[in-house]
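Student: Each chain, written out:
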Amino acid sequence: MSGPGPTLIVDDLRTHFLTKAGVIKAVDGVSFSVAPGRILGLVGESGSGKSVTGLSIMGLLDWPGRIVGGRIILDGEDLVGLPEERLRQLRGFRVAMIFQDSMTTLNPVLRIDTQIIEALQAHRAIDRKAALRQAAEALKQVGIPAVDERLKAYPHQFSGGMRQRVAIAIAMLNEPKLIIADEPTTALDVTIQAQILYETQKLCREKGTALIWITHDLTVVAGLADEVCVMYAGRIVEHGGVDEVLDRPLHPYTVGLIGSVPKRGWRGRALYQIQGMAPLPLNLPPGCAFRERCPRADEACSQDPEVSTPLPGRRVRCHHPHLGEDS
Amino acid sequence: MSQAAPPEPIIELRGISKRFVKGLDLAAKIAQKLGASVREEVVHAVDGVNLRVHKGEVVGLVGESGCGKSTLGRIVARILEPSEGSVLYRGQDVRAMNPRQAKETALKVQMIFQDPFASLNSRMRVQEIIGEAPRVHGLVKRSGLTEYLDALMLKCGLDPSYKRRYPHQFSGGQRQRIAIVRTLAVQPEFIVADEVVSALDVSIQAQILNLFMELRRELALTCLFISHNLGVVEHVSDRVAIMYLGRMVEEAGTEELFASPLHPYTQALLNEVPSFEKRRISFAAIKGEIPSPLDPPPGCHFHPRCPIAAPECRVERPLFREASPGHWVACHLR
Numbered sequence: 141m142s143g144p145g146p147t148l149i150v151d152d153l154r155t156h157f158l159t160k161a162g163v164i165k166a167v168d169g170v171s172f173s174v175a176p177g178r179i180l181g182l183v184g185e186s187g188s189g190k191s192v193t194g195l196s197i198m199g200l201l202d203w204p205g206r207i208v209g210g211r212i213i214l215d216g217e218d219l220v221g222l223p224e225e226r227l228r229q230l231r232g233f234r235v236a237m238i239f240q241d242s243m244t245t246l247n248p249v250l251r252i253d254t255q256i257i258e259a260l261q262a263h264r265a266i267d268r269k270a271a272l273r274q275a276a277e278a279l280k281q282v283g284i285p286a287v288d289e290r291l292k293a294y295p296h297q298f299s300g301g302m303r304q305r306v307a308i309a310i311a312m313l314n315e316p317k318l319i320i321a322d323e324p325t326t327a328l329d330v331t332i333q334a335q336i337l338y339e340t341q342k343l344c345r346e347k348g349t350a351l352i353w354i355t356h357d358l359t360v361v362a363g364l365a366d367e368v369c370v371m372y373a374g375r376i377v378e379h380g381g382v383d384e385v386l387d388r389p390l391h392p393y394t395v396g397l398i399g400s401v402p403k404r405g406w407r408g409r410a411l412y413q414i415q416g417m418a419p420l421p422l423n424l425p426p427g428c429a430f431r432e433r434c435p436r437a438d439e440a441c442s443q444d445p446e447v448s449t450p451l452p453g454r455r456v457r458c459h460h461p462h463l464g465e466d467s
Numbered sequence: 003m004s005q006a007a008p009p010e011p012i013i014e015l016r017g018i019s020k021r022f023v024k025g026l027d028l029a030a031k032i033a034q035k036l037g038a039s040v041r042e043e044v045v046h047a048v049d050g051v052n053l054r055v056h057k058g059e060v061v062g063l064v065g066e067s068g069c070g071k072s073t074l075g076r077i078v079a080r081i082l083e084p085s086e087g088s089v090l091y092r093g094q095d096v097r098a099m100n101p102r103q104a105k106e107t108a109l110k111v112q113m114i115f116q117d118p119f120a121s122l123n124s125r126m127r128v129q130e131i132i133g134e135a136p137r138v139h140g141l142v143k144r145s146g147l148t149e150y151l152d153a154l155m156l157k158c159g160l161d162p163s164y165k166r167r168y169p170h171q172f173s174g175g176q177r178q179r180i181a182i183v184r185t186l187a188v189q190p191e192f193i194v195a196d197e198v199v200s201a202l203d204v205s206i207q208a209q210i211l212n213l214f215m216e217l218r219r220e221l222a223l224t225c226l227f228i229s230h231n232l233g234v235v236e237h238v239s240d241r242v243a244i245m246y247l248g249r250m251v252e253e254a255g256t257e258e259l260f261a262s263p264l265h266p267y268t269q270a271l272l273n274e275v276p277s278f279e280k281r282r283i284s285f286a287a288i289k290g291e292i293p294s295p296l297d298p299p300p301g302c303h304f305h306p307r308c309p310i311a312a313p314e315c316r317v318e319r320p321l322f323r324e325a326s327p328g329h330w331v332a333c334h335l336r
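As given, the protein sequences belong to chains A and B, one line each in that order. Just so we're aligned, residue 141 is where the first sequence starts under the working numbering, counting upward by one. Just so we're aligned, residue 3 is where the second sequence starts under the working numbering, counting upward by one.
Calculated directly from the structure, the hints in this document are not laboratory data. The beta-carbon is built from N, C-alpha and C at its ideal position, and this holds for glycine as well. Heads up, some of the hints might be wrong.
Claimed, not checked - These stretches of chain A come out as covered by chain B in the derived footprint (C-beta under 8 Å, 3 or more residues):
1) 207–217
2) 262–275
3) 337–349
4) 396–410
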């Protein structure tokens, strides 16, 4: 990856929730970077910390969540500890987010045109007419037909897929450097998901936007991303190019995840099963968080594994990665 | 599992339709009296569906949201009454049964729901949730109940010592196991499984699917497996039926359907399901949205999105016919 430097560098990010019951280390030492026009898939099961990672970058953590360490460098500027006023300027302008539920993203009592124009005028001195023109242009780009009518409609008049397109159009409005998409297609049907994946991917490539796609679905990542980070219990356990990670997973958890998904030509056969369930991130004992469920675990795993780079371009956090042998 | 002589169908659906009607409110009624053209809104959730499920068979029912697959499942489980058509249980129309037979049949057809957080009574202990129905229906004696429950829970991978707990003390996967145990506890012959793994994480989903396949082998279960997830359906089903806007569009043996789909909608679905093999999507997806079931397009419901639609598709409803042995499709052009 030569060319321009990365749009976003997340370095040793730690986001903890200080609750009465104890400290929940939702994000515990996460590092990655995304280059312009590249798509990073952030994969994990519920509670793995993938969404909190996204919210930390956006500065949208709710109490009692707090970034307790690390740096988030967007375009050369460290976002950690920035005053709220500055974050407000950046959000929707330099970095934007698309959420899973587009019904709650959009304001139900404002027309679509009002919401888009508001998002434009919040960051730029632009008159209403020009803003309206740009709004129409933005909706066209995400494949919404009959734009002029649709601009005057309210969110409830749109289908789920159309609302999510509007949310994507708003996210792209100010041509941000980075978009974080948190499971935006999970609630959508297969054919609609395919449309949205296709269009998002195209737009990011054209505009050179860096995209972080948060999902629990490895198959979506396969179809979309350039790189993938697999998260487990607040940590990135594996990171690499999509083809490399999916074709030759190193971490036993990644191996298990890939094996758990039904595949063509496997009808009726038992799926690979990861035993047990993900631990609660509350007061996690030291050591590898996956060791209770891991078929390769031994005494060494009660020590925290370091991040290693066993193959070029690959990172894995495991004492016993799948190397060389068949998996 | 498709032998030459098919075993008797346990469930047979004949021309099932279900319409939901939204009645007029007072204001609309007055407006109507005054001559305004207001009509009742009618949703054709299911429109003339035929389906047979034979003994020991798992039939996958696939479709996108709003296609009527859950409504159909509920009609089979007799939670809903069809507006038209009949449901046959072992060749007998359930509506023509006497009350005792009807009750027995109702017990033999059970349903498992998608959301294990909503389908278990949060104020009952697990032993009550599972044990209530078999006791009430006299399937086990009170004295034998504990043993019965323990055996069932063990079979489904639940620790029997947990049976005094409440549902909120379990994870999503464990709850879905409880829902499965509850269903099995009344010894059903036929199970309607409606999106049973959709709410679960991938690793938990694999556990439940494996459990399902084990139970199926062991208990020779017959099942209608409803899901929007084609990968899951392919994995567990012997036969697959695809629905679109209330109608059956294609039905075939699983391998046949996935290897050579005939209906353009099935082809589009298969083409667009994300999978490990499809890296960095480069195809343009099928156009358009699923039309509203309030006002479905005339003719073939799929024609506005269909890449090969012909003039007759806009006018005439295609028949659901057998294109090759065991492979049914509703399309004018195939």
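Student: For every hint, state whether the structure bears it out.
Tutor: Hint-by-hint comparison with the structure:
no.	hint	in the structure
1	207–217	violated (count 0)
2	262–275	violated (count 0)
3	337–349	holds (count 3)
4	396–410	holds (count 13)
Checked against the numbered hints given earlier, this structure breaks hints 1, 2; the rest are met.
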